[in-house]
Amino acid sequence: MVIVDDLHVVYRVYGAGGDKGTAATALMRIMRKQQRPSIREVHAIRGMSFVAYRGDVVGVIGRNGSGKSTLLRAVAGLLPAEKGAVYSDGHAALLGVNAALLDDLTGERNVVLGCLAMGMSPQEVKEKHDTIVEFSGVGDFINLPMRAYSTGMGSRLRFAIASSKSHDVLLIDEALATGDAEFQRKSHQRIDELRQDAGTVFLVAHNLNEIYETCNRVIWLEKGQIVRAGTDVPGILDAYLAASGSEPRFRELQEAEAEAETATVEA
Amino acid sequence: MARSAHRRAGLPRRLTVVRDHGRVSGPGRLSGLGGDTELGGLATAMTVPEAAGDDPLPSEPLPALAARYGLKETAARPPILGYLADLWQRRHFIVGFATARNVAMYTEARLGQVWQVLTPLLNAAVYYLIFGIILDTKRGVPNFIAFLVAGVFIFNFTQRSFIIASRVINDSLPLIRALYFPRAALPLGYVLIELEQLLISMVVLVAIVIGTGEPVTWYWLLVIPVLFLQAIFNVGAGLILARVGAGVDDVSQLLPFIVRTWMYTSGVMFSIQTLKSLAGHHKLAYILQVNPAAVYITLVRTALLKSQRLSIPGAAPYSHRLCTLYYDSPTKHLYDSAHCEALVSHTGLWLYAVGWAVLALVIGFFYFWRAEARYGRG
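These protein sequence lines map, in sequence, to chains A and B. Per our numbering, numbering through the first sequence is continuous, rising by one, with the last residue being 267. Per our numbering, numbering through the second sequence is continuous, rising by one, with the last residue being 1378.
Just so you know, these hints were derived from the structure itself, not from any lab. Every residue, glycine too, gets a C-beta built ideally from N, C-alpha and C. Any given hint could be a false lead.
With a straight-line cut-off of 27 Å between C-alpha atoms, the simulated DSS-like cross-links for lysine-lysine are [as the list claims (entries may be wrong)]:
1) B:Lys1072 / A:Lys83
2) A:Lys165 / A:Lys186
3) A:Lys128 / A:Lys165
4) A:Lys186 / A:Lys83
5) B:Lys1072 / A:Lys165
6) B:Lys1306 / B:Lys1332
With beta-carbon atoms standing in for the labels, derived distance ranges [to be verified]:
7) A:Pro80 / B:Asp1171: 47 to 57 Å
8) B:Val1362 / A:Gln196: 56 to 66 Å
9) B:Leu1081 / A:Arg185: 38 to 48 Å
10) B:Arg1068 / A:Gln196: 20 to 30 Å
11) B:Ala1342 / A:Ala24: 47 to 57 Å
12) A:Gln196 / B:Ile1200: 42 to 52 Å
Here chain A stands alone, though its shape is the one from the complex (with noise of 0.2 Å):
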């Protein structure tokens, strides 16, 4: 269960420019006691508030730099609220996209360091490698460092290790977008898996179909703040899709499912 109230994140970003970088500037600088020009403050959360609990899934959608990451890290405990707090009742795990756990190290050592450091015993350890392993799906690569992994191997390795244990809270942050359809097809399974063990998943995607057949709760974020929350997923998808320009469609498809199953049901 996560409760974030009134949160506010600002990011402080260093070395955004604005001398010439040289030593000398950088001299000056201290000698005149200023502040680094090139701190610059980005209000990338302002006021948020929501509640998801045990079970639930949440899709988070929103465009490029609507604070969709952000959101994530400061769930995580990542980053400091300016304002405001993030509850929850256990430590959160986060995949992102690019965070490969110890590049230079085999598939295989990252498995076992990966299970270690979630706190699994040695013996555990054992028990599920086989299961990881076949998950992840990268077969006799998992003998090679991570380095040599593509995106998507690397991604599913991830996912497959950190989602052999239950977590109270799970964030992926794209982190499934660069698998092919095999792969996302079994971790929709494993996230369901994990709501059923009363999990609170967080699910970041640009892929609203993605959203539509995972999440059971919606949130859509503008500019660092809410526009729409709620469990009407297929409402909330259109609305976004509306908003973006594009032809909203999810209404229909649920209604068609719900057609197609109520005919099944009958048949």
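Dock chain B against the given chain A, drawing on the hints supplied.
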């Protein structure tokens, strides 16, 4: 079909409470939302009643709701005892991490693990060339090669632990951001890596010690507690450096210079106990002799080298005449330095060794833990 089925029937539905603080502009604000543009003010509740349940009141303040469900702030620091327990629970991770890193360290080199032995050997050779032959600091030290190599290896352990610890948080950001584990596991693991490296170096050292004609004695066993204490000291100091280095990069830029200065003042390539230029400066000599690096180095040397046990000041009854003889022509009266006055007794050295280790560990752990929730931010 299965999918839409679970959407409708699979999970217990609850009342959803979403307070929308509203937005000032932007496209797509469509249905059912009241806007409240005052940040942090009274919120408008949007309720989606799908099914009944033990629903929270929309008006309940969220912190109170969180407290009722026993939720904790994600950015809060864990209690210190729980943190220690967590750390102990991750001991397999720490060991596994250290071993894996050690294996991976030389994968890019053709000679592979041979470098684990080659690096300390080359180190010792360079220092012998410069300090033993060119600068000739070996005057007045019996069995200078073994003396020097012991110093280089022991100091290297602390030096590398420090430099790596100061970078460990920034180097492991992906791991820190992906999974939760007590962050102190990382500096701990890295010091363990260096300890493993040191143990390999110790094999080289023992070969040199025997090769230079030192006898094998029971005193050698004293090396084990010394290295243990030194490792604890390194962990403690490493934890401090890890926190400092996680914040500002300037520290890891500056650290190599500080550590090198420290090396030159810790008697790695000369004997601070018998150096003539230090003979008149008791206070300075005392400070140099009780600094942690010098303490551990001296204890290892006296444990491994009989020549050191016999020649270190205080090893023989004080005699002003013999001591002066030593300072007048050290090469001729090599072992008469034993008749000089010891500024720090051997027992004193052991007390300092324990003291530094405990002090560093307690302060280091506490200091590192205080910022636990902040590592991985950027």
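Which hint numbers does the structure go against, in order from smallest to largest?
-> 4, 7 and 8
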